[in-house]
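We have chain R; now place chain A onto it with these hints.
Taken in order, these protein sequences are the chains called R and A. Residue 4 is where the first sequence starts when you use the working numbering, and the numbers rise one by one after that. Residue 4 is where the second sequence starts when you use the working numbering, and the numbers rise one by one after that.
Mixed in with the good hints there might be a few duds.
Copies of the same chain are indistinguishable here, so a pair counts whether it falls within one copy or spans any two.
[To be verified] With a straight-line Cα cutoff of 35 Å, these simulated DSBU-like cross-link-like pairs (lysine-lysine) come out:
id : residue 1 : residue 2
1  : K411      : K455
2  : K452      : K112
3  : K295      : K328
4  : K384      : K295
5  : K187      : K62
6  : K391      : K411
7  : K288      : K70
8  : K22       : K455
9  : K455      : K288
10 : K288      : K328
11 : K22       : K136
12 : K295      : K63
13 : K422      : K187
14 : K411      : K233
15 : K187      : K335
16 : K187      : K328
17 : K136      : K347
18 : K455      : K111
19 : K322      : K295
20 : K309      : K136
21 : K70       : K335
22 : K295      : K68
23 : K70       : K347
24 : K328      : K70
25 : K233      : K422
26 : K391      : K62
27 : K383      : K70
28 : K335      : K67
29 : K465      : K187
30 : K90       : K111
Think of the hints as simulated: they come from the structure by calculation, not from any bench.
Protein chains: 2
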Amino acid sequence: MSEKKKTFGSPSSSLPNIKTDFSEWYNYVVYKAELADHAPVRGCIVIKPYGYALWEEIKKILDKKIKDTGHENAQFPLLIPEAFLTKEADHIEGFAPELAVVTHAGGKKLDEPLVVRPTSETIIHYMFAQWIKSWRDLPMKINQWANVVRWEMRSRPFLRTTEFWWQEGHTAHETADEALLEAKTMLTEYIDLAQNYLAIPVVAGKKSESEKFSGADTTFTFEGLMQDGKALQMGTSHIISQQFAHAFEIKFQNRQGTESYPFLTSWGATTRLIGALIMTHGDEKGLIIPPKIAPCQIIIIPIFHKSMANHEILAAAEKVEDLLKESGLRIKIDRDSESSPGAKFYQWELKGVPLRLEIGPRDINEAVVIFTNRITGAKKKVAWGDLKDFAHEELDTIQKMLFDRALKKRAEKWHKREKLTDFAKDLEEKGGFYQTGWCQSRECEAILKEHKASTRCLIEEKTFDTCFNCNAPSVTDVIVARAY
Amino acid sequence: MSEKKKTFGSPSSSLPNIKTDFSEWYNYVVYKAELADHAPVRGCIVIKPYGYALWEEIKKILDKKIKDTGHENAQFPLLIPEAFLTKEADHIEGFAPELAVVTHAGGKKLDEPLVVRPTSETIIHYMFAQWIKSWRDLPMKINQWANVVRWEMRSRPFLRTTEFWWQEGHTAHETADEALLEAKTMLTEYIDLAQNYLAIPVVAGKKSESEKFSGADTTFTFEGLMQDGKALQMGTSHIISQQFAHAFEIKFQNRQGTESYPFLTSWGATTRLIGALIMTHGDEKGLIIPPKIAPCQIIIIPIFHKSMANHEILAAAEKVEDLLKESGLRIKIDRDSESSPGAKFYQWELKGVPLRLEIGPRDINEAVVIFTNRITGAKKKVAWGDLKDFAHEELDTIQKMLFDRALKKRAEKWHKREKLTDFAKDLEEKGGFYQTGWCQSRECEAILKEHKASTRCLIEEKTFDTCFNCNAPSVTDVIVARAY
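Just chain R, same shape as in the assembly:
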């Protein structure tokens, strides 16, 4: 399943217009760039090799961050006794409608049904209760890379699928302050991943009471603004309610020799990050993948021509490939000798490879190659001696351009407005972030539903004196947007 063209979906249609048909454009890119395919199971996708290689690059970076901050990976069971889910009231209320339930196994009806994990707080807290006996056992800092299942009525590839892949961190601490520090530390790591690797500017802060995770005291979120003006929650970090510690009887002997309940956190980021980068960086030619996480950073297209034998052209391409690989770059040669260069350019642009390198008979005779920047389309003739330096510099430039461009686009769509009446129309028609004041009442927040919008996160600024809806004082600013 290399770069050969496969047929699925509606094969002959061309790439929809990103400005007028964003949703169609998105689906086309996901399927035609071979990131994913439809699966024969409701709401599920198959992640194809190109999409999975992208996920592996993201995982590599995030896994290192998780380990460098003192966490250890482990694995907990996929199937969880149904009774575990019901131990924490808010948690089961939030997840009950989404559960997939195993009722039969080994040819028999089970005495107690097992749910396929929608998230693993319950089973991990059960284990924490076995493992945590003394303050010496704390902090306990565990992470799990796993698949989870939440039955979705309306799925979209990578953004909302019945099964998805993620990491979920779960930690226990002696004090509330330590738990807060942990939740914020991981939020900071996520922001770094988003901004400095995925090249996606994000806004981060607390969720409102009604938007927080089922079972959390506090949820921190980081959100991007997609090109169609909708917000995307890219991941969350929670301070878990003390009710969990009580429900699962996670007790330890504290430094004073008496019994305490630990303070818990959890935090997760998912394959949705792939959706975020598609919708942030894509353009009228398709996907653009930030160089730092691109499975293929440079695609080499040998330009076959009758003036030189194909194997000689390929040999030169391989020489260039070896040179660049040595310097740590991720590179591929498109060896297909049947498609035209134009058809190949189209396909690799669609797949968002940040840099293209052409090498044909004339280039070989001149000892040069031609680079093309995926964002600008600008071409540059580079001598073999300068290959490495140019490639590294140009990839750095592309990484920076992607972030700057996304930041500029976001700035154009980030508005400060005093009253909902001032921005309701724009919110509905154009999307965007609306930074405004809020009294933090549920009543005022609920009004946003009429505009298919929600509070995305509280931010630590205070620009406005009163609430966007009522005349009560604003507590802090809040970002309002329509969201995925």
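This is chain A only, laid out in the frame that chain R set:
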């Protein structure tokens, strides 16, 4: 969940005798060395951080092998429509008794039940049928790292668990010869992993008709001989029956322009490999992990003593740690200042860290450290200037010693015997590999059940003229053993 001692299972009992209580010894090591813990779900385990780090090292090596041989990773759904499983008669017959079935989801009864994947041939072949249209799409070489569920009546940690973790490769080829080459190539990679990384000598060959995978034409296996004399199947590589290609209608236009069905393979290795290395290398002190895959290759034990401040001793330990880390080794310092050195030695020996490094006030003054070899217990005083070289050489030596020792143990238990009547008693009482002749009839093979034994694999030697049971001619030699 660092190296602190946790209490679970029966905490106060000491390590059972490996020679007389192998099974108890195994469980003790699994739980007390913190590789895994019991899970509150039938037949399931939790893989604890130390065990998971070991699995990550194994994965890293195997994943590289899989990619270097031209395969790409992808992800397919966990839940498979029940009807898919029944498309291939042998396959469903083999797996039906082990399936876990989701009958309800999203608060409703499903129209069609979904099974939790016991293996992914069916769903991957369904996708292959979408993707493979022409001979140009072949070979298709996909791998998936995944969890699978098979309902087990009698589980043992790592060896046989309801949920386990593995990689499953699935490929499609134009010709039968190519499929055979693929299955053998991956078998060879597995053998290399087993022998040159896990330090486990294996015997490899075809399975008998009755022992092969449900739905395979041919199953290749590689098997180790554990210290208790029982064989362990460590992984398999299959040529999948053409019935699968027909059942899922995987058709392609061949080079002649007519329609063909591709030849399929699948191959997998699981977390059972961890069980294999425990049972191959362990001794009366616990686990021994081969250096090439040890999550911690050297444990540094600072020897605290009133003659020098703890922080000074730690500083010296850290200097040594940095020096060795720089040279690419995986190292930890046991910073616990409460337990005695003896208690720490015991714990790290149990956990099988191949090399121990002690550093105390006297060593610091002399600018030396003391190394202890986990296998031999031999101590060696090494000057700081020679640290790196010694550590690398000693770890290489330990890797080699483990393999040689395992090979020697296996040789002692590998017997060539002509007739079952000659070896039935030894087989039952002492275990071991019995290489013998076989007519390849099911009747003679079935006799072995009476001795709780089975054919493990056919080998390409012919030592005996007649079958171990009847007087018909032997086709090839076969390994007979009791097995996990």
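Legend entry - Alpha-carbon proximity between K309 and K136, which holds within one copy, between copies, both or neither at 35 Å: This pair counts as between: shortest inter-copy Cα distance 30 Å, intra-copy 76 Å.
Inset, instruction - State whether the alpha carbon distance between K384 and K295 is at most 35 Å within one copy, between copies, both, or neither. - result: within (23 Å within a copy, 45 Å between copies)
Legend entry - 35 Å Cα threshold - placement of K187 relative to K465: Within. Shortest intra-copy distance 21 Å satisfies the 35 Å Cα cut-off; inter-copy 67 Å does not.
Inset, instruction - Have a look at K295 and K328 and pick one of within, between, both or neither, based on CA distance no larger than 35 Å. - result: Result: close both inside a copy and across copies, 15 Å intra and 26 Å inter.
Legend entry - Within, between, both or neither, where K455 and K111 count as close if Cα-Cα is 35 Å or less: between (46 Å within a copy, 27 Å between copies)
Inset, instruction - If the cutoff is 35 Å on CA atoms, where do K288 and K328 land: within, between, both or neither? Let me know, please. - result: within (27 Å within a copy, 46 Å between copies)
Inset, instruction - Give the relationship of K452 and K112 under a CA distance limit of 35 Å: within one copy only, between copies only, both, or neither. - result: between (43 Å within a copy, 31 Å between copies)
Inset, instruction - Measure nothing new, just compare the shortest in-copy and cross-copy C-alpha distances for K335 and K67 to 35 Å and report within, between, both or neither. - result: both (25 Å within a copy, 17 Å between copies)
Inset, instruction - Evaluate K22 and K455 at a C-alpha cut-off of 35 Å and name the case that applies: within, between, both or neither. - result: Answer is within; shortest intra-copy Cα gap is 21 Å, inter-copy 69 Å.
Inset, instruction - Could you figure out if K455 and K288 sit no more than 35 Å apart (CA to CA) within one copy, between two copies, both or neither? - result: within (30 Å within a copy, 64 Å between copies)
Legend entry - Copy assignment of K411 with K455, given that the CA separation must stay at most 35 Å: Answer is within; shortest intra-copy Cα gap is 25 Å, inter-copy 72 Å.
Inset, instruction - State whether the alpha carbon distance between K187 and K328 is at most 35 Å within one copy, between copies, both, or neither. - result: Only across copies: K187 and K328 sit 30 Å apart there, 37 Å inside one copy, limit 35 Å.
Checked against the numbered hints given earlier, the structure satisfies every one of them.
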